[in-house]
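Engineer: Chain order of the listed sequences is A and B. Numbered by the numbering used here, the letters in the first sequence go through residues 239 to 263 in order. Numbered by the numbering used here, the letters in the second sequence go through residues -10 to 200 in order.
In short, the hints are calculated from the structure, not lab data. No residue lacks a Cβ here, since even glycine has one placed at the ideal position from N, Cα and C. Careful, some of the hints might be misleading.
[Stated by the list, open to error] Where chain A lies over chain B, by a calculated footprint (3+ residues, C-beta under 8 Å):
| # | region |
| --- | --- |
| 1 | 15 to 21 |
| 2 | 105 to 112 |
| 3 | 178 to 186 |
[Said to hold, decoys possible] 27 Å max Cα-Cα, derived DSS-like pairs, lysine-lysine:
| # | chain 1 | residue 1 | chain 2 | residue 2 |
| --- | --- | --- | --- | --- |
| 4 | B | Lys112 | A | Lys262 |
| 5 | A | Lys256 | B | Lys112 |
| 6 | B | Lys69 | B | Lys21 |
| 7 | B | Lys12 | A | Lys262 |
| 8 | A | Lys256 | B | Lys24 |
| 9 | A | Lys240 | A | Lys256 |
| 10 | B | Lys21 | A | Lys262 |
| 11 | B | Lys112 | A | Lys240 |
| 12 | A | Lys256 | B | Lys69 |
| 13 | A | Lys240 | A | Lys262 |
| 14 | B | Lys24 | A | Lys262 |
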Amino acid sequence: CKATQLLSEISMCPACRKFGHQMKI
Amino acid sequence: MNATTATAQQTINSGQAEIFQDKIFMHSLRQKMMKFALIQVRNEQLAEDAVQESLISAYQHIEKFERKAAVQTWIFSILKNKLIDLLRKENRLTSASQLEDGDGLHGDELIEFLFDQRGHWHKEQKPIHWEQPDLGVENSHFWRVFDVCLNHMPARYSRYFMMREFLELDTNEICENEDLSVNQLNVTLYRARLKLRECLENNWYLQEDQS
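Same shape as in the complex, but just chain A (with noise of 0.2 Å):
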């Protein structure tokens, strides 16, 4: 989960994938 880095620069991690949704801040 440490892809958040990823998604400030899923199919199976809800949290990572709300957290992608909250980068869209």
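Based on these hints, arrange chain B on the given structure of chain A.
Structural biologist: Leaving out everything else, chain B in the frame of chain A:
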């Protein structure tokens, strides 16, 4: 432009120019501009100069103002360009100690707080679903929360985040201006976004959930 259009435009512009006579509006606008400029240039005199020049420029070019834009947005766009120019000219460096402030957990501590040793979310730190996030931008209290979150980040985080998201500078421009490697900038922006996300979630979206 025919005579009728010219007269109409003149009326609009004189109406807009009157805004500069509204002391309450101008005082409030100047405060907001100073707050925004100070985060970027971290020097009261430079920030004051940028704000003053932006207001003078707005007053002098009131005829260029587009009817559909809000005056405040238009003046902020002038300030934004002034700040970009200033940052490029100054290209100043700041000591690391000055930049590593901010409230609460940040940096490695925040990452350890959010993720376990295998790099997965701690159960209680997983992001929640943000209900109707678009509605927040219509709410004045939301902007106070956002402002507090932004100002309580370490100065380096909020500065680079604002350069990227508000001034819309690209990675290369920020790296060149701040004498950073791309990797250093990516790490800092990642930490800034983690911190801002967590702050907004705890102080706005979770509160909304509970109300």
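Engineer: Hint by hint, say whether it matches the structure.
Structural biologist: So, going through the hints one by one against the coordinates:
1. 15 to 21: violated (count 0)
2. 105 to 112: holds (count 3)
3. 178 to 186: That given contact holds, which follows from 6 residues of the region 178 to 186 of chain B lying within Cβ reach (below 8 Å) of chain A.
4. B:Lys112 - A:Lys262: holds, 23 Å
5. A:Lys256 - B:Lys112: holds, 14 Å
6. B:Lys69 - B:Lys21: holds, 13 Å
7. B:Lys12 - A:Lys262: Violated, at roughly 37 Å.
8. A:Lys256 - B:Lys24: Violated. A:Lys256 to B:Lys24 sits at ~31 Å, over the 27 Å cutoff.
9. A:Lys240 - A:Lys256: holds, 14 Å
10. B:Lys21 - A:Lys262: Holds, because 25 Å separates the two Cα atoms, which is no more than 27 Å.
11. B:Lys112 - A:Lys240: Distance of about 14 Å is within 27 Å: holds.
12. A:Lys256 - B:Lys69: violated, 31 Å
13. A:Lys240 - A:Lys262: holds, 18 Å
14. B:Lys24 - A:Lys262: holds, 25 Å
In terms of the numbered hints stated before, the structure departs from hints 1, 7, 8 and 12, listed from lowest to highest.
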